[in-house]
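**Student:** What follows is the residue order along each chain.
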Amino acid sequence: MAIPVLLGFTALVAILAPFLRRGAATISIASSAIVFATILALPWPVEFRTPWIPTLGIDFSFSVDAWAALFLLLISGIGVVIKGFAAAYLPDRQPEFYGKITLFELAMLGLVSANDLVTLFLFWELTTLASYGLIRWKGDTKANKAALRAWWTTGLPGLVMLVGLIGLKAEGIHQLSDLGGATPPLWALICILLGALAKSAQVPLHFWLPGAMTAPAPVSAYLHSATMVKAGVYLVGRLVEPLQQHPAVLTALMALGLATLLWGGWLSLFQSDLKKLLAYTTVATLGTLIFLLGCGTPTSVHAAVSVVLFHALYKSSLFLSAGVLEKKFSAKSLDAMSGIAASMPWLAAVVWLSGLSMIGVPPFGGFVAKEVALKAIDSSSFWFRGFALGQVCIGASWVALAWRLKGPGTPKAAPLGLQWPLIPAAAGLALAFFLHPLANRLLEPAAQALLPGDPKVGFELWHGWTLELAVSAGIVAGAFALGLWFSKRTSSEAYATNEGLLQRFLDQLIEQSQWLTARVQTGSLRRYLKLLLLTAALSVAVLAPPLAWIEPAGQPDGIDLLLFVLAISSAWAACVIRTRLGAILTAGGVGVVMTALFALYSAPDLALTNLIVEVLTVLVFAVMLSRLPKVFPVRKPSSHYRDLAIGLGAGLVFAGIVYACSSPPFGSQLSEYFVANSPTGAKAQNVVNAILVDFRGIDTFGEIAVLLCAAVGASFLLGRRSPASSHAKEPQA
Amino acid sequence: MRTPIIQTGARWVVPLLLLTGMALFVRGHDAPGGGFIGALLFACGLIYQHYAFGLPGISRAYPSRPLQIGAVGLILAAVSFLPGGWFKEETGQGVWIGISLGAFGDPKTGTPVLFDLGVFLLVIGMILTVLVPPHDVDDAPSEPNPQTEVGHR
Numbered sequence: 000m001a002i003p004v005l006l007g008f009t010a011l012v013a014i015l016a017p018f019l020r021r022g023a024a025t026i027s028i029a030s031s032a033i034v035f036a037t038i039l040a041l042p043w044p045v046e047f048r049t050p051w052i053p054t055l056g057i058d059f060s061f062s063v064d065a066w067a068a069l070f071l072l073l074i075s076g077i078g079v080v081i082k083g084f085a086a087a088y089l090p091d092r093q094p095e096f097y098g099k100i101t102l103f104e105l106a107m108l109g110l111v112s113a114n115d116l117v118t119l120f121l122f123w124e125l126t127t128l129a130s131y132g133l134i135r136w137k138g139d140t141k142a143n144k145a146a147l148r149a150w151w152t153t154g155l156p157g158l159v160m161l162v163g164l165i166g167l168k169a170e171g172i173h174q175l176s177d178l179g180g181a182t183p184p185l186w187a188l189i190c191i192l193l194g195a196l197a198k199s200a201q202v203p204l205h206f207w208l209p210g211a212m213t214a215p216a217p218v219s220a221y222l223h224s225a226t227m228v229k230a231g232v233y234l235v236g237r238l239v240e241p242l243q244q245h246p247a248v249l250t251a252l253m254a255l256g257l258a259t260l261l262w263g264g265w266l267s268l269f270q271s272d273l274k275k276l277l278a279y280t281t282v283a284t285l286g287t288l289i290f291l292l293g294c295g296t297p298t299s300v301h302a303a304v305s306v307v308l309f310h311a312l313y314k315s316s317l318f319l320s321a322g323v324l325e326k327k328f329s330a331k332s333l334d335a336m337s338g339i340a341a342s343m344p345w346l347a348a349v350v351w352l353s354g355l356s357m358i359g360v361p362p363f364g365g366f367v368a369k370e371v372a373l374k375a376i377d378s379s380s381f382w383f384r385g386f387a388l389g390q391v392c393i394g395a396s397w398v399a400l401a402w403r404l405k406g407p408g409t410p411k412a413a414p415l416g417l418q419w420p421l422i423p424a425a426a427g428l429a430l431a432f433f434l435h436p437l438a439n440r441l442l443e444p445a446a447q448a449l450l451p452g453d454p455k456v457g458f459e460l461w462h463g464w465t466l467e468l469a470v471s472a473g474i475v476a477g478a479f480a481l482g483l484w485f486s487k488r489t490s491s492e493a494y495a496t497n498e499g500l501l502q503r504f505l506d507q508l509i510e511q512s513q514w515l516t517a518r519v520q521t522g523s524l525r526r527y528l529k530l531l532l533l534t535a536a537l538s539v540a541v542l543a544p545p546l547a548w549i550e551p552a553g554q555p556d557g558i559d560l561l562l563f564v565l566a567i568s569s570a571w572a573a574c575v576i577r578t579r580l581g582a583i584l585t586a587g588g589v590g591v592v593m594t595a596l597f598a599l600y601s602a603p604d605l606a607l608t609n610l611i612v613e614v615l616t617v618l619v620f621a622v623m624l625s626r627l628p629k630v631f632p633v634r635k636p637s638s639h640y641r642d643l644a645i646g647l648g649a650g651l652v653f654a655g656i657v658y659a660c661s662s663p664p665f666g667s668q669l670s671e672y673f674v675a676n677s678p679t680g681a682k683a684q685n686v687v688n689a690i691l692v693d694f695r696g697i698d699t700f701g702e703i704a705v706l707l708c709a710a711v712g713a714s715f716l717l718g719r720r721s722p723a724s725s726h727a728k729e730p731q732a
Numbered sequence: 000m001r002t003p004i005i006q007t008g009a010r011w012v013v014p015l016l017l018l019t020g021m022a023l024f025v026r027g028h029d030a031p032g033g034g035f036i037g038a039l040l041f042a043c044g045l046i047y048q049h050y051a052f053g054l055p056g057i058s059r060a061y062p063s064r065p066l067q068i069g070a071v072g073l074i075l076a077a078v079s080f081l082p083g084g085w086f087k088e089e090t091g092q093g094v095w096i097g098i099s100l101g102a103f104g105d106p107k108t109g110t111p112v113l114f115d116l117g118v119f120l121l122v123i124g125m126i127l128t129v130l131v132p133p134h135d136v137d138d139a140p141s142e143p144n145p146q147t148e149v150g151h152r
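Chains as they are written, first to last, in numbering that gives the first Met the number 0: chain A, 0 to 732; chain B, 0 to 152.
Read the hints as simulated data drawn from the structure, not as lab findings. Be a bit skeptical, because a hint or two may be false.
[Unchecked claim] Sample of chain A residues lacking proximity to chain B, with all beta carbon distances greater than 12 Å (derived):
hint	residue
1	Asp-177
2	Leu-428
3	Ile-558
4	Leu-647
[As the list claims (entries may be wrong)] Listed next, the stretches of chain A that the computed footprint assigns to chain B, with coverage defined by at least 3 CB atoms under 8 Å from CB atoms of chain B:
hint	segment
5	308-319
6	673-686
7	702-713
[Claimed, not checked] Some chain A residues near chain B, calculated using beta-carbon distances under 7 Å:
hint	residue
8	Leu-41
9	Asp-556
10	Leu-607
11	Val-619
Bear in mind that the values here come from a model prediction, so they are computed numbers and not experimental data. Every residue gets a Cβ at the ideal spot worked out from N, C-alpha and C, and that includes glycine.
Okay, chain B solo, but in the shape it has when bound:
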């Protein structure tokens, strides 16, 4: 799997995927996008990275990581329902905080965004669980395996 083509491609595409994923997540409220889509792209980036280079350095911690990420996402989503009960009449109502970053504009912060973040994390966790099973992750070095180079047949 770790051919030079894939690895070269990964060096360019993976950051793009990760950034696009986050961008889609952040713009989801006003333009097509949102937690699901952003998470899908982000996860694509991670998977591409895994196929190209492995995910070195975290293999020992990896087995439960994806599920933990997913669980954190679920907890965030659940927590996002609570402020509505405290600050407004019903739990689950959206509570918005106005933050101004001056020249950067006013990012929307509020419980629906927190919920979307929870969805984001959960979908990433889920896709990683299913597509990058623990036994596929190892500490292999990230250089291409010389035996699979295309020229050496």
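Looking at chain A on its own, in the form it has when it is part of the complex:
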């Protein structure tokens, strides 16, 4: 029961906050703190379940085990820090901000605690929505573009994920907890992975993350280091156990993670903008996480769990420090960093505290995580070397930053309210000393929840003089060396135009689409019709199963032949007539023949509808003709023959379909049922109407909804024309 209460409470705060003129910050921070404390006190695993749509197997169900609890604690705990920081960082529009960020927090809380697949997806998409609102906080063009880019890059793979989730439901797996028992189909798992990996900014879908740095610092610290990008990691973690049967996929994950690690780490070295540097190191760490999860062994899962925790701590404090630098020193790029250490020693202390954790120096938490990670990878493989190299790059970019902080500067007063980054940085250090209780309560159960098994090594501050320790030392040394070398050069000259490459790729894409659109959407109705008919006829002809030639049942009698001749001659006349009005009238003639046919075969409703529609169409066309020339333009004979061929071909295909559909065997149970039940159940003598309105009412509802949508679209198109000059024209009949 606790979980929906917490979620509901957060939702309430999210809705109320924008309307509170002064208390928005306080109530938002308080809500996060309450959630944090409650989760900490809960004896997980905890479950909650209530049915929602039973016929589709959808429940509103939540399940918090240690893995989910880890994320819940991170979301709410770091949320407190972020919100406190934002109170001083964003002086204006605070109620709106707190509303949005609490909404995001709600979405993340719901996502990691959701057990039912549809509930999970609901909260997943809610995070996309909430993060869109937060990334475009500043409201300028750059922010809007970045937000849209993040939306599309995470939203479209989200739809692929939905397909995967539906695939799971089709196999009877409705909850995440069902994944252990049944064998989920591989394609569904891959679809889900795609959505998760896009959200976690893996290569090649990583580029939205550096772009999203236009968001204010608290937002970046929350979304793009601690919570949202970890949502994908959360989901991949849940899939590690089912994927044990598919080692190829796990290896692919490893490769993808390593590629992301190296790519992100490499590019972070060339960044001059501080937040972009941090963004790329985040991409690299996310790659590390996916890599570790892809290794799929109990040790690597243990490593991943600890990396999730400690990375969130040090990265959020680094992002917040970047915010302080931006606000107090207007220092956004690395060139402007000198002298900060002397001006604000506490800020430099924060940067060093978090950075040392990032590099992996004992006794910081990051070191603990790194040791387990190194142990998890086979030390002779190239994976190991790649992993180490990636860590060196990450560390080096931080060193490049940290080293620039020194230099002469005048001491400034410590700004009140902006000192929140101290908390996560200090926590990264403090938790390392409380490692055993932490591991027993949180880290160990989380790893066991993902993949039961014994790891090769536990969470310790000191494992002894092992190979891993040597490698860690080597990574630290390498990071310092590389970083110092980079810090000697001016950052602007080493700025990799990763952005430039992406921009050129996007521009190319847009150019190609414009070219294609210009070829296809020419504005000519004839062309659109040709394309539609061709595509429809070809796809049906190609995909339809081979139909045997069906013997016609019965002979056509005189009336049928007469109608046939009339129809054919009307159609022929419509093709040949030179005037537009004549063509319309003769085409209407075909419709009238159809009406007669319906009436002949006792379908009066159809006949009536058809007749009225036909007359309306002809009339409207005739009225519109007053604005067009009277006669069709002269065209080349070859284009006529081409149109004839397309028309004939499409017509034959559709005729074939109608013929095949209306031939025996024709199951008549449906018609018997309807005829029998109309007078009694539906109280109707007109069976057709009863079917439309009563028996199959939902189908009709769908159809009329589509009609309304079409009307909305048409009203937009029609509304854009300039007002007609006068109504005094009369049709030139």
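Starting from the structure of chain A, add chain B where the hints point.
**Tutor:** Frame of chain A, contents of chain B only:
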């Protein structure tokens, strides 16, 4: 468009069309007819009226009217599914109320009729949206434009 022929015709035909449309709608349950057909005829009547006389007096309110009518129709249709959930086992089942008007007989009232009414309104709204675009509607007086009279050439 506003020739005397059309206008004279409209005076007779438009009420006929409107009434026939409603009649077809009401009889749809037991005889050929129903929401679609009735709406088509009704809309024909309205359009004829528009072509002959304009639709004076409502032009300012007009631009969103047809879509609003259509939306009301959709809402009615959706609402008609609900009583089934309350009074019978499944949503969407028809719920019938017996009303007797004495000498006028017993009109059938129930959720399918409500649904049909929704369809009726929606189709009218849709046809009006497409065939009578907002910029065609104005407050023009309903007398025939003297310049288009047939005799004056």
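**Student:** How does the segment 673-686 of chain A fare against chain B when you require at least three residues with a CB closer than 8 Å, holds or violated?
**Tutor:** holds (count 6)
**Student:** Against chain B, is Asp-556 of chain A within 7 Å by beta-carbon distance?
**Tutor:** 24 Å, violated
**Student:** With a cut-off of 7 Å on the beta carbons, see whether Leu-41 of chain A makes it to chain B.
**Tutor:** Constraint on Leu-41 of chain A not satisfied, violated at 37 Å.
**Student:** Holds or violated: is the Cβ of Val-619 of chain A closer than 7 Å to a Cβ in chain B?
**Tutor:** It holds, given that the least Cβ distance between Val-619 of chain A and chain B is near 6 Å, below 7 Å.
**Student:** With chain B as the partner, please determine if Leu-607 of chain A meets the hint condition of a C-beta pair closer than 7 Å.
**Tutor:** Interface hint status for Leu-607 of chain A: holds (5 Å vs cutoff 7 Å).
**Student:** Is the Cβ of Ile-558 of chain A more than 12 Å away from each Cβ in chain B?
**Tutor:** 20 Å, holds
**Student:** Under 8 Å between beta-carbons, do enough residues of the segment 702-713 of chain A, three at least, approach chain B for the coverage claim to hold?
**Tutor:** holds (count 8)
**Student:** Please settle this one: Leu-428 of chain A was flagged as non-interface, so is its CB more than 12 Å from every CB on chain B?
**Tutor:** Label holds. Min Cβ-Cβ 59 Å, cutoff 12 Å.
**Student:** Beyond 12 Å on every Cβ pair: is that true for Leu-647 of chain A relative to chain B?
**Tutor:** Holds: least Cβ distance 30 Å, greater than 12 Å.
**Student:** Confirm or reject the statement that Asp-177 of chain A sits farther than 12 Å, beta carbon to beta carbon, from all of chain B.
**Tutor:** At about 28 Å from chain B, Asp-177 of chain A clears the 12 Å cut-off, so the statement holds.
**Student:** Count the residues of the segment 308-319 of chain A with a beta-carbon closer than 8 Å to any beta-carbon of chain B: does the count reach three?
**Tutor:** violated (count 0)
Violated hints, listed in ascending order, are 5, 8, 9; each of the other numbered hints is respected by the structure.
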